[in-house]
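Using the sequences and the accompanying hints, generate a full structural model.
Keeping their order, the protein sequence lines are chains A and B.
The first sequence runs 3 to 327 under my numbering.
The second sequence runs 3 to 327 under my numbering.
Check each hint, because a few of them may be wrong.
Which copy is meant is left open, because identical chains are indistinguishable; a pair holds if it fits in one copy or across any two.
Calculated pairs, SDA-like style, for lysine to any residue (alpha carbon to alpha carbon, straight line, at most 20 Å) [unchecked claim]: (1) Lys166 <-> Ser36; (2) Lys29 <-> Gly42; (3) Lys325 <-> His259; (4) Lys320 <-> Pro121; (5) Lys320 <-> Gly51; (6) Lys166 <-> Val201; (7) Lys320 <-> Glu21; (8) Lys182 <-> Gln136; (9) Lys320 <-> Ala18; (10) Lys166 <-> Phe196; (11) Lys178 <-> His310; (12) Lys29 <-> Phe191.
Keep in mind the hints are simulated off the structure, nothing from the lab.
From a predicted model like this one, the values you see are computed outputs, not experimental measurements.
There are 2 protein chains.
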Amino acid sequence: MFDVTGIGNAIVDVLARAEESLLVEHKMAKGGMSLIDEAGAERLYAIMGPGIEASGGSAANTIAGIAALGGRTAYIGKVSDDQLGDVFTHDIRAVGVTYDTPRLRNGLATARCLIFVTPDAQRTMQTFLGATTQLGPEDLRMDAVTSSKVLYLEGYLWDQPRAKAAMRDAAIQAQKAGVKVALTLSDAFCVARFRDEFVELVHNHVDILFANESEVLSLSRAESFDAALQHVRGHCEIAALTRSEKGSVIVSGDEVHVIDAERHVRVVDTTGAGDAYAAGFLYAYTQGRDLATCGRLGSVMAAEVISHYGARVEGDVKALAAKVL
Amino acid sequence: MFDVTGIGNAIVDVLARAEESLLVEHKMAKGGMSLIDEAGAERLYAIMGPGIEASGGSAANTIAGIAALGGRTAYIGKVSDDQLGDVFTHDIRAVGVTYDTPRLRNGLATARCLIFVTPDAQRTMQTFLGATTQLGPEDLRMDAVTSSKVLYLEGYLWDQPRAKAAMRDAAIQAQKAGVKVALTLSDAFCVARFRDEFVELVHNHVDILFANESEVLSLSRAESFDAALQHVRGHCEIAALTRSEKGSVIVSGDEVHVIDAERHVRVVDTTGAGDAYAAGFLYAYTQGRDLATCGRLGSVMAAEVISHYGARVEGDVKALAAKVL
Numbered sequence: 003m004f005d006v007t008g009i010g011n012a013i014v015d016v017l018a019r020a021e022e023s024l025l026v027e028h029k030m031a032k033g034g035m036s037l038i039d040e041a042g043a044e045r046l047y048a049i050m051g052p053g054i055e056a057s058g059g060s061a062a063n064t065i066a067g068i069a070a071l072g073g074r075t076a077y078i079g080k081v082s083d084d085q086l087g088d089v090f091t092h093d094i095r096a097v098g099v100t101y102d103t104p105r106l107r108n109g110l111a112t113a114r115c116l117i118f119v120t121p122d123a124q125r126t127m128q129t130f131l132g133a134t135t136q137l138g139p140e141d142l143r144m145d146a147v148t149s150s151k152v153l154y155l156e157g158y159l160w161d162q163p164r165a166k167a168a169m170r171d172a173a174i175q176a177q178k179a180g181v182k183v184a185l186t187l188s189d190a191f192c193v194a195r196f197r198d199e200f201v202e203l204v205h206n207h208v209d210i211l212f213a214n215e216s217e218v219l220s221l222s223r224a225e226s227f228d229a230a231l232q233h234v235r236g237h238c239e240i241a242a243l244t245r246s247e248k249g250s251v252i253v254s255g256d257e258v259h260v261i262d263a264e265r266h267v268r269v270v271d272t273t274g275a276g277d278a279y280a281a282g283f284l285y286a287y288t289q290g291r292d293l294a295t296c297g298r299l300g301s302v303m304a305a306e307v308i309s310h311y312g313a314r315v316e317g318d319v320k321a322l323a324a325k326v327l
Numbered sequence: 003m004f005d006v007t008g009i010g011n012a013i014v015d016v017l018a019r020a021e022e023s024l025l026v027e028h029k030m031a032k033g034g035m036s037l038i039d040e041a042g043a044e045r046l047y048a049i050m051g052p053g054i055e056a057s058g059g060s061a062a063n064t065i066a067g068i069a070a071l072g073g074r075t076a077y078i079g080k081v082s083d084d085q086l087g088d089v090f091t092h093d094i095r096a097v098g099v100t101y102d103t104p105r106l107r108n109g110l111a112t113a114r115c116l117i118f119v120t121p122d123a124q125r126t127m128q129t130f131l132g133a134t135t136q137l138g139p140e141d142l143r144m145d146a147v148t149s150s151k152v153l154y155l156e157g158y159l160w161d162q163p164r165a166k167a168a169m170r171d172a173a174i175q176a177q178k179a180g181v182k183v184a185l186t187l188s189d190a191f192c193v194a195r196f197r198d199e200f201v202e203l204v205h206n207h208v209d210i211l212f213a214n215e216s217e218v219l220s221l222s223r224a225e226s227f228d229a230a231l232q233h234v235r236g237h238c239e240i241a242a243l244t245r246s247e248k249g250s251v252i253v254s255g256d257e258v259h260v261i262d263a264e265r266h267v268r269v270v271d272t273t274g275a276g277d278a279y280a281a282g283f284l285y286a287y288t289q290g291r292d293l294a295t296c297g298r299l300g301s302v303m304a305a306e307v308i309s310h311y312g313a314r315v316e317g318d319v320k321a322l323a324a325k326v327l
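Shown next, in the form of structure tokens:
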């Protein structure tokens with residue numbers, strides 16, 4: 003019995019500081035996530051400054067955050083039988099997440115995300131998917147999924163045909179079992195690549211949608227945030243739309259909440275902000291809290307993760323949560 | 003032609019927060035460094051919280067710090083042909099250090115140091131030496147050593163018989179070539195294990211000695227810091243003795259400097275403080291600065307590294323250095 007089971011790309015992040023000029027020189031789309039192959043990963047790693055390695059992956063960050071708050075969680079994602087696979091497995095289990103997806107043994111390495119953090123604290127991500135491309139239906143622990151209150155999916159999985167098919171199937175089975183299905187859109191470029199599929203998915207199979215401003219604009223082809231808001235309003239039970247320093251807007255039927263971002267945060271690295279927001283939101287949600295409280299805990303968790311390097315919350319987040327719970 | 007060539011154990015650090023009770027329960031000596039085997043590393047990693055990985059190694063941290071200040075540096079140390087070996091190699095080259103020690107290919111993994119950071123910001127280290135145990139005379143690039151102003155050695159190497167023999171030989175050859183030989187004692191327990199050898203080495207072959215208070219007490223078997231100071235004074239050309247928040251004391255013949263620690267530092271993690279001090283000191287020294295300036299730059303660098311997680315200095319340390327240079 004879990005509060006939330008997440009499915010996503012199991013990735014180890016490599017974070018390093020970088021100047022804007024480096025992004026320009028190497029044609030990286032600032033603020034976005036691009037997929038690269040192994041040769042590309044080696045080429046970019048060679049021009050990257052000294053870094054730190056830390057477990058990442060969008061849904062994994064969220065699940066680890068929910069576990070840190072005390073939630074019962076499981077995670078499904080594919081790593082390889084290598085050192086970075088050891089790191090990923092250790093870190094997610096160390097916060098109490100149930101994680102037992104079989105490791106890949108065919109030689110594809112554990113996925114890496116090279117994250118270039120510019121002086122304005124924005125992150126630009128270049129991802130080599132490696133072992134995560136081999137996630138398939140055989141890895142889905144449907145017993146965990148159907149015994150959860152919420153199934154949480156990340157949009158990044160849509161870049162992989164086998165994983166995508168498995169996700170759709172998991173969402174449909176979850177709904178039949180009375181499990182709420184949550185989706186994070188992950189990235190505006192990812193949404194653009196699969197817009198029609200996402201629109202259909204959100205309309206038919208998603209109960210709780212997480213998206214930031216650029217993602218929801220991309221999904222709805224809207225010109226303004228408000229137009230996008232009106233568009234998604236009728237398409238899923240709950241939409242939680244994040245807007246960086248402007249906070250978040252939560253809509254559910256006739257209910258609307260406009261939640262402020264936390265103040266006085268020294269922003270070091272925005273990596274993981276959306277993932278941490280979803281963690282706070284879903285923890286409160288699975289504890290039966292009202293939507294305004296869900297949004298406020300989302301803001302608190304996002305503020306924690308952007309105050310330091312790395313995509314996962316650190317320290318005593320239960321104490322932080324006590325401010326709003 | 004290098005300012006400083008360093009030789010040391012090439013290690014990737016795994017840092018995680020830990021409560022004091024965990025150290026007690028697993029019999030770890032707080033503040034020290036213990037050697038563990040692969041099974042011990044696996045056992046301790048299993049009880050460790052989620053961590054971050056970052057390149058470490060005492061002499062490597064110092065050499066990377068000197069390079070970050072603009073010094074010309076080379077490093078000699080052994081990693082394996084694995085993912086953590088890639089990380090170590092990337093990070094040290096990314097700051098401009100010349101590093102081309104052949105990688106080990108016999109299956110021993112790259113060394114790892116599990117670092118438990120307690121709420122008081124102290125670090126307790128458990129090191130699995132792995133590939134570093136295979137460093138030997140064939141890895142010494144004597145052309146780099148003898149074309150340097152300073153050869154920098156770490157005491158930790160004395161735990162490995164082949165490396166120890168190579169180090170002694172390198173020190174003797176360096177001295178003949180007019181290269182200053184610097185040694186950091188590394189750890190009070192390490193000094194205790196090899197006290198007689200260190201006393202002989204310092205007396206006969208070391209020009210610049212770095213030690214913290216517990217190390218110099220262990221070396222000299224003295225009861226007080228002042229007694230230890232008097233003891234080392236006659237034994238090497240320069241001794242730089244660090245005392246955490248009390249700053250450092252530098253003695254050289256009749257010259258004595260008492261240098262304050264930087265004020266208003268929010269201490270997050272003391273890992274690498276001594277290594278960063280040595281980096282600041284040696285950069286200024288190889289630029290021909292006076293000993294007081296060397297000590298002040300050491301304090302500035304130590305303050306930088308203890309203000310964040312991880313054992314290497316970050317950000318624009320050249321700008322920080324401009325305060326004292």
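Okay, the hints, checked on the actual structure:
1. Lys166 <-> Ser36: within (18 Å within a copy, 47 Å between copies)
2. Lys29 <-> Gly42: Classified as within: same-chain Cα gap 12 Å, cross-chain 45 Å, threshold 20 Å.
3. Lys325 <-> His259: within (19 Å within a copy, 49 Å between copies)
4. Lys320 <-> Pro121: Classified as between; 16 Å across copies, 30 Å inside a copy.
5. Lys320 <-> Gly51: The answer is between: 16 Å across copies meets 20 Å, while 34 Å in one copy does not.
6. Lys166 <-> Val201: within (14 Å within a copy, 66 Å between copies)
7. Lys320 <-> Glu21: between (35 Å within a copy, 16 Å between copies)
8. Lys182 <-> Gln136: Close neither inside one copy (26 Å) nor across copies (55 Å); limit 20 Å.
9. Lys320 <-> Ala18: Answer is between: at 18 Å across copies they meet the 20 Å cutoff, but 29 Å inside does not.
10. Lys166 <-> Phe196: Classified as within; 11 Å inside a copy, 60 Å across copies.
11. Lys178 <-> His310: neither (40 Å within a copy, 48 Å between copies)
12. Lys29 <-> Phe191: within (15 Å within a copy, 51 Å between copies)
In summary, the numbered hints that this structure violates are 8, 11.
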